[in-house]
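Student: One-letter residues, chain by chain:
Number of protein chains: 2
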Amino acid sequence: MNPICLQGKPIECKAAIAWEAKAPLEVTTVVVDPPKAGEVRIKVVATALCHTDAYTLDGLDPEGLFPCILGHEAAGIVESVGEGVTSVAPGDHVIPCYQAYCGDCMFCKHPKSNLCTSVRAFTGRGVMKADDSVRFHTKDGKPIYHFMGTSTFSEYTVLHEVSVAKVSKDAPLETVCLLGCGVATGWGAVYNTCNVQPGTSVAVFGLGAVGLAVIEAAKRAGAAQIFGVDINPEKFAAAKQWGATECVNPKDYDKPIQQVMVEKSPSGWGIDYTFECIGNVEVMRAALECAHRGWGESCVIGVAASGKEIATRPFQLVTGRVWKGTAFGGYKSRMQVPGLVDLYMKGETKLDDYITHKLPFHAINEAFELLHSGKCLRTVLTFE
Amino acid sequence: MNPICLQGKPIECKAAIAWEAKAPLEVTTVVVDPPKAGEVRIKVVATALCHTDAYTLDGLDPEGLFPCILGHEAAGIVESVGEGVTSVAPGDHVIPCYQAYCGDCMFCKHPKSNLCTSVRAFTGRGVMKADDSVRFHTKDGKPIYHFMGTSTFSEYTVLHEVSVAKVSKDAPLETVCLLGCGVATGWGAVYNTCNVQPGTSVAVFGLGAVGLAVIEAAKRAGAAQIFGVDINPEKFAAAKQWGATECVNPKDYDKPIQQVMVEKSPSGWGIDYTFECIGNVEVMRAALECAHRGWGESCVIGVAASGKEIATRPFQLVTGRVWKGTAFGGYKSRMQVPGLVDLYMKGETKLDDYITHKLPFHAINEAFELLHSGKCLRTVLTFE
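Residue numbers (the numbering used here), protein chains in the order written: chain A, 1 to 384; chain B, 1 to 384.
Keep in mind the hints are simulated off the structure, nothing from the lab.
Some clues are possibly wrong.
Because identical chains share one entry, a pair is satisfied inside a single copy or across any pair of copies.
With a cut-off of at most 25 Å between alpha-carbon atoms, the simulated DMTMM-like pairs for lysine to aspartate or glutamate come out as follows [stated by the list, open to error]:
id, residue 1, residue 2
1, Lys255, Glu309
2, Lys14, Asp353
3, Lys255, Asp104
4, Lys264, Glu83
5, Lys166, Glu366
6, Lys109, Glu263
7, Lys255, Glu63
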């Protein structure tokens, strides 16, 4: 089947539908409408799973809409484009970007932000901007919501043009798909959000794929000490392989982990940069409170459960600690993701090493189980 | 009486003793010992009152020690110096600095911090470093604690050499005394901690002397919009005179002030820089939450009551807001206060305008009442 022949027509293909929170996905056939103005339809070649997919599926996202097609960490090939689309053409290799980049809004134009607002109001409601509606249906016509503007748990999906990064055709899509979320987020938190300096100390709370990406980038940035912190010591081997100089299990201590880390810090006054890669507000607090007196920065990367709040004594800030956060590592997605792919192609990253499992797409529920087991970094699903 | 003759001898002079929390100060005669190694005895010419003095006197500082001699915003003349003191000599005009600067510790050497630790462990316990003891006694020998390493509510006081900034002899001490705390803190929060950029928007919560100093500096830094926020509209006239482009009373709205400020912001997405100059943790939260999505910075200046915590949803940070704080505006005290005095002497500041009341030292309890009344910016007390 030549996808070009389908241009302008609906496509029937395999997808995984999340009918409701806490239920397994149903792998079935869906109908994917052709792209409207400003839209791109792509054939998803590979998609990984990220905790945000699981978070929404678990019903923890108050804005989660069902039924929907989840998935946001992927890579594919443009099948067709809608009216007015000029930046990509059929056959282009692309990475979907849940954080769009239009280049026009005040956030895109500002050097310090990547939080493009061009399609945010629509992706947040699971619809496309052109007609405030969806491109996914069941075979009997029931509409299915989009998710994060990407919905990559489908062999074909429709995205806004501003949510598609064109990347090198030489890059293996089943690997660079990881640059659509977690790994890029960890790298960017180090390079962009905190701008980690050579010779400094870094602490990483949570040693999943994002935490390891922080370690990888911190090492590359020249950090002298990199502490990996996790309550699951099975994660320490990978952390050390990635570049952690010491791993710490909070369960091994009978005092708060922030105190442990301050005592372990080279100066005795805290860690220069700390990163929370879990989404636990108590750990966010600990990460802030073990940041270095005078200049330490703590960066929230993890997504906390709805309604949860972070807290600390203001004295922590008055004595020089800075509390910040990052979304997609501060990368201006469509502009910068292609460069991350090039970096991988030069052999300068550990991207391959984050892929611990490969499964066919129809085994997607098994992939979710792996994610929850804590035994996998990333599972990449490919369409047969 | 030529103070030089007293070198090496105790001096009997007027001081205001805080015998216990919540009681008026007793203006009486105290004995001030000569300076020991690394110490300087100064004749206080003028001292202002700051809310931190009131805070401690009100018993809110859990580390407050009684009896003590309060006061930390002052200016004076060196009467004598202890062994090894080389940076100042008798007759030098000085401003006491509660935040010391030794030039040697890791915090002094770091470009981003002014939190010198050289004498901190001693000043925090109300004593001097040389012998872990005090230089103040009642006439019958009862020891009296120091406060913040300054204790300027005394005609003579003893400070560590690292807590004394030598300033121009041309400067009027009864004015530049304000550079020992509040005004310098507000200026520095703008210039150092946040580095406010031209054309940006600023919101200042709390329009006392520190808040006005933030407004003054924000205007000088070229902020395009400066919002003054206070629940006491009597403070708006001064705020506008200082440079506020709009004043806002949270009581005039039935929605949270953070929402009001986001709606008032030029972009509709928040204020570029916000400053909390009160010490109220709920206002600190509001200040953070009305900071601009993507790049807004919120700076805590006010000192919160003991045990109080700040809180927000981590989403506020993940979407680009930065939460920070400042102590003494980030100025490296002994190094930079002389330059602030020079700036005043060039006529480039509104320093004179912060002084709304002048009283003789013996009326110090009246000055505390003025501070609490909300009707004064700064009262300067001088010794007859």
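Student: Next, verify each hint and record whether it holds.
Tutor: Verification of the hints:
no.	hint	result
1	Lys255 / Glu309	both (22 Å within a copy, 21 Å between copies)
2	Lys14 / Asp353	neither (28 Å within a copy, 73 Å between copies)
3	Lys255 / Asp104	neither (50 Å within a copy, 32 Å between copies)
4	Lys264 / Glu83	neither (58 Å within a copy, 38 Å between copies)
5	Lys166 / Glu366	neither (30 Å within a copy, 71 Å between copies)
6	Lys109 / Glu263	between (42 Å within a copy, 21 Å between copies)
7	Lys255 / Glu63	between (37 Å within a copy, 23 Å between copies)
The structure fails hints 2, 3, 4 and 5 (numbered hints given earlier, in ascending order).
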